[in-house]
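A.B. asks: Got chain A sorted already, so can you dock chain B onto it with the hints?
Here are the chains, one letter per residue:
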Amino acid sequence: MSLSDPAFLGFFAIVFVLFYLLPGGTARLVLLLAASLGFYAQFAGVYTFVLLFIAAIAYVGGVALQQTVAKGRRQTVFLAALVALLAPLVLFKYLGFLCDSVGITLPDTIAQLALPVGLSFFTFAAVGYLIDINLELLKAERNPLRLALFVTFFPLVSAGPIERGGRLLPQFDLAAPLSATRAFEGLRLVFIGLVLKVLIADTLAVPVAAVFGDPESALPLEKFVAMVFFAFNLYADFAGYSLIAIGCAKMLGIDVQPNFRQPFLSPTIPDFWRNWHMSLSFWVRDYLFMPLRARWRRSGHRGMVAATVVSFTILGIWHGAGWQFFFYGLAFGVLASASLYTVKYRDAVYARLGVPPMVVRVIRAFITFVLFSLVLVLFRVNYLADAWLFYRDIFSLGMLDNLATALKAAFHGGAPLDMPMMGPYAAYWLLIAAVVAGDLMARSGITLAKIPMSIQVAAYNLGMASIAYLWMSSSVAPPFLYYKF
Amino acid sequence: MTARVARVFSEVLGVSAEQITDDTSPDNTPQWDSMAAMNLVVAIEDEFDVTLSTAEIISMRNVAIVKKVLTAKGVADA
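Line order of the protein sequences matches chains A and B.
Going by the numbering used here, 54 is the number at position 54 of the first sequence; the sequence numbering is gapless.
For the numbering used here, add 485 to where a residue sits in the second sequence, where the first one is 1.
Among the hints, erroneous ones may be present.
Claimed, not checked - Under the rule of at most 20 Å between Cα atoms (straight-line distance), these lysine-lysine pairs were calculated in the PhoX-like manner:
1. LYS139(A) to LYS71(A)
2. LYS71(A) to LYS558(B)
3. LYS139(A) to LYS553(B)
To be clear, the hints were calculated from the coordinates, so they are not data collected in a lab.
Pulled out of the complex, with its shape left as it was, chain A reads as follows:
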């Protein structure tokens, strides 16, 4: 039962009704905690103990840190709690890869351990909480139920957003009465999230899976188009998930930070990461980049580049144990550094050429998108070697030949380029156009909430009918792409 399953909506409806039937305070807290553990257990079964372990360590570590005044002893407590929090992540996610890399064979009992859903997300939330207490930015939570809910809260536990203790914990009084306005705002976000996931992401996933599953057979142009489709597939999938999570939390009276802010309109790679998977990139900024940058602050440009590259590389490895994620992060580190240090010169070139600011913005967003999509190939390929097939073909003469054939067919009536893996190709571009139009409207301040109610109702009806149709015509709902992290 993922957040886009009809079963989840049923589950959430029951939690929502019970929540507002109960008096505010502990009763609601216990309900949300029970719902969260039940929700997680249906994903993870026996691995739920890992979630409870992380919550317990965060609680005990936080309280112990708060009570320890002596500086040396405080650091020992902090490091011990940090190691305990990170131990499951290393065991379940990285140990196999690390041992493989140095030629050690793990016993089957360890090698066959499954990765608990959401482990990287709730571990990072707990680690951030502990660091904030260590820095005295946050007081340790004394109520174990509230802290347990912070780590296990069901809308966020499987794939974030990675929340901060300072933002979420103060909202756990759970005393507010039902607000129709707020509930409707939350429902609207859930609706948009479902449209993004069920209508757009799951549809684009089909040609993407075909090409990435058999890159040797795909034409160069098919690889290029699949690369572009995957960028939108991932965006619609993860932004859709995030909106459903944020919307559900909002309906329960809890505000969660946004995770995406029209990333494909970003003019530079650093700006892109301020708008893409924001809860992770801000986590990395605050807890990795800033300490490194602070340590190397007198090293000038070298310090800045080193902190940027190391932070992005770790951000890449956060996604998974494998060289493809290492290179994914490293590439963004290099691109972000290059962007920071060339932006002045690029500004000067545009100014000298007299390019209008609007055109500059479009050119920059396009270049940023293409760079992101190229690096994202590393994120999607099944094997690192497959990425080479993509890059080799996308920058080949075969690609130009494919393009010439496709353009000739479009404008001069020649024989169309046969792209069997792409399926109903034109329809996919319409979905992408819809995503871009939605982002442009949102950036201009035009949201669904601001258009006339009659149009909103028509949009909800059409959207829900389409979602219901796709739910009924698909026996198994594809899981969210970020569930594997």
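C.D. replies: Here is chain B on its own, set in the frame of chain A:
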């Protein structure tokens, strides 16, 4: 100290000193990006002749915290 802190922020971020309040933070000040953050730290260290620890630097998420850290380091007029 308030005026000196505001001046340092104003010079490094390129905004007027009047715009610098206790609530000024990277979240509401686009100029306070990751590159400017460390320029701010270096400028604060030079201005107040203090050395900030890594923990102090990463805790400085708004102007009020910067002033609190400086006060704890013995800088007068909090």
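A.B. asks: Taken at face value, is the distance from the CA of LYS558(B) to the CA of LYS71(A) at most 20 Å?
C.D. replies: Judged against 20 Å, a Cα distance of about 16 Å means the pair holds.
A.B. asks: Starting from LYS139(A), check that the Cα of LYS553(B) is at most 20 Å away, please.
C.D. replies: With Cα atoms ~17 Å apart, LYS139(A) and LYS553(B) stay inside 20 Å; holds.
A.B. asks: Hinted pair, alpha-carbon criterion (20 Å max): LYS139(A), LYS71(A). Please report holds or violated.
C.D. replies: 17 Å, holds
Of the numbered hints given earlier, the model fails none.
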